[in-house]
Amino acid sequence: MNILTIALRNARKKWVRTSLLLLVFSLGVVSIVALSFVSRVVGEGLEKKLVSFGANILVSPKSEKLTVSYGGFALGDMLFDVTYLDEAATEAKINAIALRKNISVIAPKLVVLDRVAGVPAAIVGVRFDREKLLKGYWTVAQGDFPTKPEGLLVGSAAAAKLGLKLGDAVPLAVAGGGSAGSQLVVQGILAPTGSEDDNVLLGDLGYLQRVTHRPSKVNFVEVAALCSACPIDDIVSQLGTVLPDTEIKTLRGIVQQRMVSVLFVKKLILSVSLVILLTGCSMVGISMLSAVNERKKEIGILRSLGFSRRSVFAIFSAEAAAVGLLAGLVGYVAGYFVSFRILAVLELESTAPLPFEPLHLVATALVLALLTSLASLFPAWKAASIEPSEALVTL
Amino acid sequence: MSTDAILLQALDITKSFSQDGTPAQALKGVSLGVAAGEFVSLVGRSGSGKSTFVSVLSTLLKPDSGQLLYNGQDLALAGEAEIDAIRHRDFAVIFQFHYLLPYLTALENTLLPFMRGLRPVTRVQKARAFECLERVGLADKAQRLPGQLSGGEQQRVAIARALVKDARVLFADEPTGSLDSATGATVMELLAGIRGDGLSVVMVTHNEEYARLADRVVRMEDGLVV
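Chains A and B are the protein sequences, given in the same order.
Going left to right, the first sequence walks through residues 0 to 394 as numbering that gives the first Met the number 0 numbers them.
Going left to right, the second sequence walks through residues 0 to 225 as numbering that gives the first Met the number 0 numbers them.
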């Protein structure tokens with residue numbers, strides 16, 4: 000038994016008022032927690048979907064390049080020196096950054112220039128399994144994704160220009176760095192994508208590295224980062240630290256578009272949560288204020304027994320904090336389970352995992368206890384200001 | 000009675016209130032000394048200022064002027080924390096109405112003075128509270144809520160609460176005012192018995208018979224001691 004007994008016993012005695020307050024506040028917390036969980040899952044799901052629309056970070060070797068144009072007529076880039084990245088080492092370094100969990104796909108590429116039927120063409124070596132994740136918009140119009148190392152996936156425009164059909168063999172010219180006699184076979188033709196992929200031939204990266212005698216070499220690495228959990232600049236900064244001799248570019252347009260989508264959902268949830276919290280806190284404040292007026296005599300008794308103003312203030316604050324703490328605990332747990340139900344209704348339950356985090360539970364309960372205490376500041380101050388004579392003395 | 004023995008002394012206390020915008024002087028310069036262990040009864044008609052005076056003496060009400068000395072210390076110069084401490088440690092008040100907290104048991108109400116902070120009530124304090132309830136004849140009803148007790152029993156719990164902390168001065172403002180004569184007599188027997196503890200008692204009463212139980216009877220009329 001101590002000063003908290005007084006606060007808790009009164010809350011129990013006035014169980015209807017306490018229960019209503021607890022119910023309303025818990026419902027508020029349930030809404031906030033469920034909205035937060037659902038928004039997180041929706042945000043992550045949205046991010047994953049957006050990733051399939053391409054990479055947002057480009058890692059390439061530093062090179063001496065001069066872009067030549069005159070009178071608005073582009074003459075192309077003049078490369079003084081072509082350098083490569085080591086695929087394994089680059090990937091290992093990317094995997095080592097602190098924000099690795101925010102990177103969903105690492106897609107290395109090797110570009111080989113070749114001539115097909117006398118027409119210059121670019122063959123891009125890719126890891127198909129990763130490329131498919133990165134380019135969810137790809138549809139194979141004819142054939143399938145290459146299954147053999149020498150298999151080729153041809154862009155729609157390239158297939159038309161070069162007259163390539165399924166099963167056609169594409170010899171790899173020695174000029175392009177190919178071993179004598181090596182050739183690629185068209186296994187699939189992409190449907191038009193409206194991107195650069197329409198104009199190129201895509202082959203297996205490992206096979207191209209081998210036949211062009213560029214083992215483990217890549218020209219650049221595309222990275223798809225999830226931007227909802229951290230600013231993209233942090234990821235770029237960490238990549239810059241581990242890969243000092245590379246150029247790292249963010250494709251800002253893509254990043255900003257993703258961030259806008261995710262941030263919109265977050266801002267919406269935050270606004271709704273603030274309104275709910277404000278309403279709940281106002282209710283606590285009003286309820287405590289009426290309790291102070293009801294309990295004037297009680298305050299007088301306590302003051303006559305030598306309870307200080309601070310002690311009286313503490314009793315009312317503790318009562319409010321207890322409501323907040325309990326509402327936080329009940330609301331968080333209920334909100335967690337309610338979010339599963341909402342996600343099931345939205346058919347989003349498999350989008351992203353929803354781990355139960357005990358630390359969040361404790362933090363939520365503590366934050367709510369603090370908020371309800373703040374909401375009861377004025378009533379508690381009013382209670383502490385009551386003079387014992389005002390409450391008890393009959394003159 | 001020597002001045003040294005005086006525990007609580009009021010000197011020329013005045014107190015005014017505003018009634019419907021008209022100032023009314025409840026105390027017009029009242030002086031009184033209470034010695035350690037002395038039982039003083041304040042008697043007088045309604046409106047004579049005796050309740051106001053006992054509220055000033057018990058520090059529940061601030062006087063407009065005059066001096067209130069406790070143990071030689073001028074309480075007008077003491078800070079609020081110091082007065083709270085004196086009220087907590089040395090003073091006990093019994094009102095006409097029991098003023099128990101309805102959601103605490105008789106035992107917990109008795110222990111209330113020890114529940115000021117976060118430090119839990121000790122076993123010794125609990126034993127002391129139980130002893131006080133035993134003294135007022137309510138040991139068997141220690142776990143009952145005030146609503147489950149009669150008016151007289153509730154007032155006896157209030158007396159137990161006043162006794163529990165070994166205060167030096169007990170102020171009783173019409174302690175039998177809301178009780179029937181038989182219950183009132185029981186309560187007065189208890190208060191009279193307390194004298195033996197060395198406790199000073201200042202009791203306000205209308206009842207001349209009860210007043211005579213005190214060492215000294217002080218009459219008040221129209222805000223003055225007569």
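Take the hints with a grain of salt, since some may be wrong.
Quick list of in silico lysine to aspartate or glutamate cross-link-like pairs, EDC-like style, CA-CA up to 20 Å [what the hints assert, rightly or not]:
1. A:13 / A:43
2. B:61 / A:143
3. A:296 / A:233
4. A:381 / B:139
5. A:131 / A:143
6. B:125 / B:139
7. B:61 / A:167
These aren't lab readings, by the way, just hints derived from the structure by calculation.
| request: Verify the proposed pairing of residue 13 of chain A with residue 43 of chain A, using a straight-line Cα cut of 20 Å. | output: 44 Å, violated
| Does residue 139 of chain B lie within 20 Å of residue 381 of chain A when you go C-alpha to C-alpha? | This hinted pair is violated, its Cα atoms lying about 38 Å apart.
| field | Hint consistency between residue 125 of chain B and residue 139 of chain B [alpha-carbon to alpha-carbon, up to 20 Å] | value | With Cα atoms ~15 Å apart, residue 125 of chain B and residue 139 of chain B stay inside 20 Å; holds.
| field | Satisfaction of hint between residue 143 of chain A and residue 131 of chain A, Cα-Cα up to 20 Å | value | 12 Å, holds
| Holds or violated: residue 61 of chain B to residue 167 of chain A, with C-alpha atoms at most 20 Å apart | This hinted pair is violated, its Cα atoms lying about 107 Å apart.
| task | For the pair supplied as a hint, residue 61 of chain B and residue 143 of chain A, confirm whether the alpha-carbon distance does not exceed 20 Å. | result | Status violated; Cα separation ~95 Å.
| Regarding the pair residue 296 of chain A and residue 233 of chain A, is the alpha-carbon distance no greater than 20 Å? | Violated: residue 296 of chain A and residue 233 of chain A sit about 59 Å apart, past 20 Å.
When each numbered hint is compared with the structure, violations occur for hints 1, 2, 3, 4, 7.
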